[in-house]
Structure formats: C-alpha cells, structure tokens
Amino acid sequence: LAKTTQPISMDSYEGQEVNITCSHNNIATNDYITWYQQFPSQGPRFIIQGYKTKVTNEVASLFIPADRKSSTLSLPRVSLSDTAVYYCLVGPSGNTPLVFGKGTRLSVIA
Amino acid sequence: SQTIHQWPATLVQPVGSPLSLECTVEGTSNPNLYWYRQAAGRGLQLLFYSVGIGQISSEVPQNLSASRPQDRQFILSSKKLLLSDSGFYLCAWSVGTEFFSSYEQYFGPGTRLTVT
Numbered sequence: 001l002a003k004t005t006q007p008i009s010m011d012s013y014e015g016q017e018v019n020i021t022c023s024h025n026n027i028a029t030n031d032y033i034t035w036y037q038q039f040p041s042q043g044p045r046f047i048i049q050g051y052k053t054k055v056t057n058e059v060a061s062l063f064i065p066a067d068r069k070s071s072t073l074s075l076p077r078v079s080l081s082d083t084a085v086y087y088c089l090v091g092p093s094g095n096t097p098l099v100f101g102k103g104t105r106l107s108v109i110a
Numbered sequence: 001s002q003t004i005h006q007w008p009a010t011l012v013q014p015v016g017s018p019l020s021l022e023c024t025v026e027g028t029s030n031p032n033l034y035w036y037r038q039a040a041g042r043g044l045q046l047l048f049y050s051v052g053i054g055q056i057s058s059e060v061p062q063n064l065s066a067s068r069p070q071d072r073q074f075i076l077s078s079k080k081l082l083l084s085d086s087g088f089y090l091c092a093w094s095v096g097t098e099f100f101s102s103y104e105q106y107f108g109p110g111t112r113l114t115v116t
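Protein chains in written order, with this note's numbering: chain A, 1 to 110; chain B, 1 to 116.
Don't take each hint at face value.
[As the list claims (entries may be wrong)] Which chain A residues face chain B? A few, computed with CB under 10 Å, are given here: (1) Y13; (2) Y36; (3) Q42; (4) G43; (5) T83; (6) V90.
No lab work stands behind these hints: they were computed from the structure. Quantities reported herein were computed from a predicted structural model and do not represent experimental measurements. Backbone N, C-alpha and C define an ideal beta-carbon position, used for all residues, glycine too.
Generate the whole structure from the sequences, applying the supplied hints.
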C-alpha cells in the first residue's frame with residue numbers, strides 16, 4: 001500500500017488558487033491517485049481521480065508529473081465553502097482498502 | 001442517479017444496549033458496500049465491506065457485526081454497545097468486480113452515535 005504524505009493544514013484567502021501537494025514515492029504501476037473532500041459532520045466526497053499528466057473537472061484539477069511520485073490538487077478561486085479536509089489516496093494495487101490518513105485541513109479566510 | 005441513505009442521523013444509546021444502523025443504496029445494482037467509523041478528530045476506519053448478499057468481510061475485530069440481507073441494504077449491528085463505540089458511522093458504495101478495484105466510493109450522510 002503506497003504511503004502518502006500531505007501537509008497537515010493550509011490557509012488561504014478567498015479568491016485565491018490553492019494547491020495541495022501529496023507525496024507518494026512508492027506508488028505502484030497499477031495505482032491511481034484519488035482525492036476526497038470532507039466537511040465537518042459529513043462523509044467524504046470524491047473529488048477527482050487520475051493516473052498521469054492532468055485531469056480537470058468542474059471542481060478541481062489534478063496534476064501528476066511523469067514519475068508519479070507526487071500529485072497536486074488545484075482548487076481555483078476558493079471560497080469560504082471550500083474549507084474542509086482534503087485526503088489524498090493512492091491505490092488500489094494489491095486489492096487493498098481505502099486508508100484515509102489525517103488529510104490536509106484547508107481553511108479559507110475572508 | 002445513485003443515492004445512499006443512512007438512518008438514523010443521530011443516536012444516543014446507553015452502554016450495553018443494542019445497535020442497528022441501516023444503509024440503503026438506490027440507482028445501482030450489485031454495489032460493493034462499506035461501513036466506516038470516524039472517531040472525533042481521527043481518520044476513517046474501515047469496519048466491514050461486502051461484495052454481495054450475505055458476503056461480509058471484517059477489517060477490525062470488535063463487538064460490531066454487519067449483514068447484507070438485500071442487494072442494496074447494509075446493516076451494522078451490536079448486541080452490547082461499549083463507550084468506545086461512539087463515533088461517526090459512514091456507509092459507502094462503489095462499483096467494480098473486485099472489492100477495491102475502484103477508489104471511487106460514495107458516502108452516505110452518516111450516523112452520529114454517542115454511547116453514554
């Protein structure tokens with residue numbers, strides 16, 4: 001199971017672009033990179049998933065360099081409602097379950 | 001579209017009492033189903049998962065059990081609750097032929113359980 005490392009917390013002002021980087025040095029060939037968002041007292045919400053290069057949807061972009069040892073979740077022009085915990089997960093090589101770490105607590109300030 | 005329901009939303013139970021939490025999924029067939037628990041300020045802990053009716057796998061041995069009586073119904077139970085069972089219980093579903101072939105899971109609204 002690929003271990004991930006991400007910052008414990010980040011602060012940002014409204015309207016700024018936020019980039020959260022996740023390190024996963026031992027990512028396996030079959031692994032995908034998946035990001036979830038969790039608001040207080042709610043279940044995690046799937047945001048985006050990618051394998052390589054760049055993936056973009058209506059919520060975020062995911063940048064993955066060629067070596068795939070890290071990835072960056074990019075949130076454009078954040079608002080107060082983007083305040084949440086963001087989790088980076090790598091898998092599922094070896095048919096292993098999701099393991100949510102402590103994630104990155106993003107606080108958006110007015 | 002698919003939706004997932006959990007009830008009750010909140011629950012306060014005394015130590016030693018039984019527990020039954022229910023989760024149902026709509027809009028999909030033969031989903032993989034999961035029960036997680038999140039203690040205050042902690043990460044999610046996978047408790048049980050199921051790939052089909054009557055098929056339950058346990059990740060953590062404890063006084064909880066799970067059942068899947070119907071394709072889209074997943075139940076979490078306990079005969080006697082402990083204080084340590086307090087937490088936020090989440091049900092989730094995914095599709096795929098293997099248990100964790102997809103890391104794209106969809107979570108329900110959760111049940112906040114307080115054992116007193």
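Hints, one by one, checked against the model:
{"no.": "1", "hint": "Y13", "in the structure": "26 Å, violated"}
{"no.": "2", "hint": "Y36", "in the structure": "8 Å, holds"}
{"no.": "3", "hint": "Q42", "in the structure": "7 Å, holds"}
{"no.": "4", "hint": "G43", "in the structure": "3 Å, holds"}
{"no.": "5", "hint": "T83", "in the structure": "16 Å, violated"}
{"no.": "6", "hint": "V90", "in the structure": "8 Å, holds"}
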